[in-house]
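Visitor: These are the residues of each chain, in order.
Protein chains: 4
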Amino acid sequence: MLPEVKKNTLRRLATIRGHLDAVARMVDEEQYCIDILHQIRAIEASLENTKQVMVEGHLKTCFTHALAEGEGEKAITELMKVLKSNR
Amino acid sequence: MLPEVKKNTLRRLATIRGHLDAVARMVDEEQYCIDILHQIRAIEASLENTKQVMVEGHLKTCFTHALAEGEGEKAITELMKVLKSNR
Amino acid sequence: MLPEVKKNTLRRLATIRGHLDAVARMVDEEQYCIDILHQIRAIEASLENTKQVMVEGHLKTCFTHALAEGEGEKAITELMKVLKSNR
Amino acid sequence: MLPEVKKNTLRRLATIRGHLDAVARMVDEEQYCIDILHQIRAIEASLENTKQVMVEGHLKTCFTHALAEGEGEKAITELMKVLKSNR
Chain A
117 MLPEVKKNTL
127 RRLATIRGHL
137 DAVARMVDEE
147 QYCIDILHQI
157 RAIEASLENT
167 KQVMVEGHLK
177 TCFTHALAEG
187 EGEKAITELM
197 KVLKSNR
Chain B
117 MLPEVKKNTL
127 RRLATIRGHL
137 DAVARMVDEE
147 QYCIDILHQI
157 RAIEASLENT
167 KQVMVEGHLK
177 TCFTHALAEG
187 EGEKAITELM
197 KVLKSNR
Chain C
117 MLPEVKKNTL
127 RRLATIRGHL
137 DAVARMVDEE
147 QYCIDILHQI
157 RAIEASLENT
167 KQVMVEGHLK
177 TCFTHALAEG
187 EGEKAITELM
197 KVLKSNR
Chain D
117 MLPEVKKNTL
127 RRLATIRGHL
137 DAVARMVDEE
147 QYCIDILHQI
157 RAIEASLENT
167 KQVMVEGHLK
177 TCFTHALAEG
187 EGEKAITELM
197 KVLKSNR
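In order, the protein sequence lines correspond to chains A, B, C and D.
The first sequence lines up with residues 117 to 203 when you count with this note's numbering.
The second sequence lines up with residues 117 to 203 when you count with this note's numbering.
The third sequence lines up with residues 117 to 203 when you count with this note's numbering.
The fourth sequence lines up with residues 117 to 203 when you count with this note's numbering.
The hints are simulated quantities; they were obtained by calculation from the structure and are not laboratory data.
Label-pair ranges, simulated between beta-carbon atoms:
hint, chain 1, residue 1, chain 2, residue 2, range
1, A, L126, B, K176, 37 to 47 Å
2, B, R141, C, E145, 41 to 51 Å
3, D, A184, B, Q168, 41 to 51 Å
Only a predicted model underlies this, so the values are computations on that prediction, with no experimental measurement involved.
C-beta atoms are modelled at their ideal positions from N, C-alpha and C, and glycine is treated no differently.
Full structure from sequences and hints, please.
Guide: This is the structure we're talking about:
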């Protein structure tokens, strides 16, 4: 894992954790559902961005190496499973 | 907020928090990106389910009251903003 | 179905159809995958917007009537199935 | 573009077109919004699958060539833009 990807990802996860705690407090205080829902959407977006950072890091390292070593087929299958939208 | 929605949501948020900490540990230990990505996808799915629980609670309470009091237009506009996929 | 929702939706679907035909031509001419993928993303966004128009129309009509007639529980369950992200 | 990806994609796009026409008919006949919404969701899923087929084809061909020719950086940036969820 690239050092900057590791650092960037850990920083993002820490932020998401703080955001998640804030949402739990909002629920505990029974704030307005719509406001809480907007915060959950924001967390989803942050999580999606974190995933993108990690996918990009993967493409630059493990994936590139796999292709160079003729392991492309396996690496692509593996990657496609992760890329498939959660849907 | 319905008591069961509050309880259910807080329980789900606590689980997601634990899951998020586990992912941060995986990143810290530099585990395989693809494995980490699968875990992030799982968290996204849990978050989406949590959102559904809260939307359903909202429809059953605040939204229903708003319609009954002739505040439908405003309630619908507000709800649509939250429902718009993050995309 | 509200007349303006019907008209708006049919217009959007016709546009999406034209866009889809354009993408098929791009594939047939073997244009660059990345360019084709951007067009498919644009169609997904148009489809999502069409869905929003229809959900909003549903909330304003059938859903509001169902709540007024004490059929809220059923209407909410039905709506939640459609709202669940495809994920 | 790999011949099987081209064929597969064109076949999928033709199916989606037929599905889209069926939805337009449902709207024109003012069928129940919820039923129409379920069909739109199904089209979204088909479109997403079509995108996956094309991304996989891209990874196996253009993307692999780009990496082999030292054009990885550019190819990754380009791919990431397409992968970013529409959200």
